[in-house]
Amino acid sequence: MISCADAVKQLWEYLDGTVGVADRDAIQEHLSLCQRCCGEAEFAGEFRNFLASQHYEDLHPAIRQRLSTFMEGL
Amino acid sequence: MVKTVFRCCLIASTGRCNNDGWENVFNDRGRWIHRTDGAIETLRQSAIIEKKERFRETASAHLTRLYSTARHFVGDEAEDAVQDTLMKAYENFDHLQDDHAAGAWLTSILVNCCRDRGRARARQPREVSIEKVEEFSLYRKIAHEDPFPYSDSLHLDFLKRFGREDVTEVLLSMPEMYRVPLVLVHMEGYSTKEVARMTDVPLGTLLARLHRGRKLFEKKMWEYAEANGLLKEDVR
Chain A
1 MISCADAVKQ LWEYLDGTVG VADRDAIQEH LSLCQRCCGE AEFAGEFRNF
51 LASQHYEDLH PAIRQRLSTF MEGL
Chain B
1001 MVKTVFRCCL IASTGRCNND GWENVFNDRG RWIHRTDGAI ETLRQSAIIE
1051 KKERFRETAS AHLTRLYSTA RHFVGDEAED AVQDTLMKAY ENFDHLQDDH
1101 AAGAWLTSIL VNCCRDRGRA RARQPREVSI EKVEEFSLYR KIAHEDPFPY
1151 SDSLHLDFLK RFGREDVTEV LLSMPEMYRV PLVLVHMEGY STKEVARMTD
1201 VPLGTLLARL HRGRKLFEKK MWEYAEANGL LKEDVR
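In order, the protein sequences belong to chains A and B.
If you count by our numbering, then the first sequence holds residues 1 to 74, one letter each, in order.
If you count by our numbering, then the second sequence holds residues 1001 to 1236, one letter each, in order.
These are computed hints drawn from the structure, not numbers from a lab.
The beta-carbon is built from N, C-alpha and C at its ideal position, and this holds for glycine as well.
Dumping the calculated PhoX-like pairs for lysine-lysine here, alpha-carbon to alpha-carbon at most 20 Å:
hint, chain 1, residue 1, chain 2, residue 2
1, B, K1132, A, K9
2, A, K9, B, K1141
3, B, K1141, B, K1232
4, B, K1052, B, K1088
5, B, K1141, B, K1160
6, B, K1232, B, K1160
Facing chain B, from chain A, some residues (calculated, C-beta under 10 Å):
hint, residue
7, Q10
8, T18
9, R36
10, E40
11, S53
Please build the complete structure, drawing on both the sequences and the hints.
Here it is as structure tokens:
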């Protein structure tokens, strides 16, 4: 089984689905047996969701207006 | 001069001209007709107006996202960066072949405009000591330091302390080479291949920067929380 350090090092890539099949299987095996790394994996998932929610969802009307005016002047 | 160049272009595609200021072109029924300079000028103006309207329509649909991305890239200079982007995009609008690709196309222009601004400020790019960053785990740091002893969801509570402006500040403290992939992949949802194309780096380099960027971001999050009092129980 791979070490905790090796598993944690690749957690984000594992969640991204960008690790190879052998690495994926090794990480899955590790996570099935290591509670601490399961916590790391769960937090990595939460952290990804947190990042994905960091858009500025609204554009202030004054800024939109200024940008629209700018486009009209192009 | 502009008129002459335009007319020559038009002639090349549609008809012929003599020296009296008119030209022969095909009409929509395939018959030869004469056009004067005035008509050509009108056509030219119509083409400009049509391009401008089409550009406005395309760009307006992406303004919120462009501004959001720019905030994470250059902070308070976001509006200026978006204006730079709009200007360059308009100049090159004819290169956009597929309207569905407009978002990625505009974002790649924004990346370059923000990079130019970063260079102008002479703050970027710079390497960081990655060795120290590689070993850092925000999960373990939070568990070890236990900043909220009465919390049932310690790690989530840590994340909840951060507003968007805090996240922007943390991002702005990172070198551009790590900040840009992190924002584009994890906040804007582009694939790593798309971001490699947008930033003009090989995919392997992009993946390495993304990995380091995540670790660096975790470390900077903790440092920011410590420095700005986000680890106090009653801070918010």
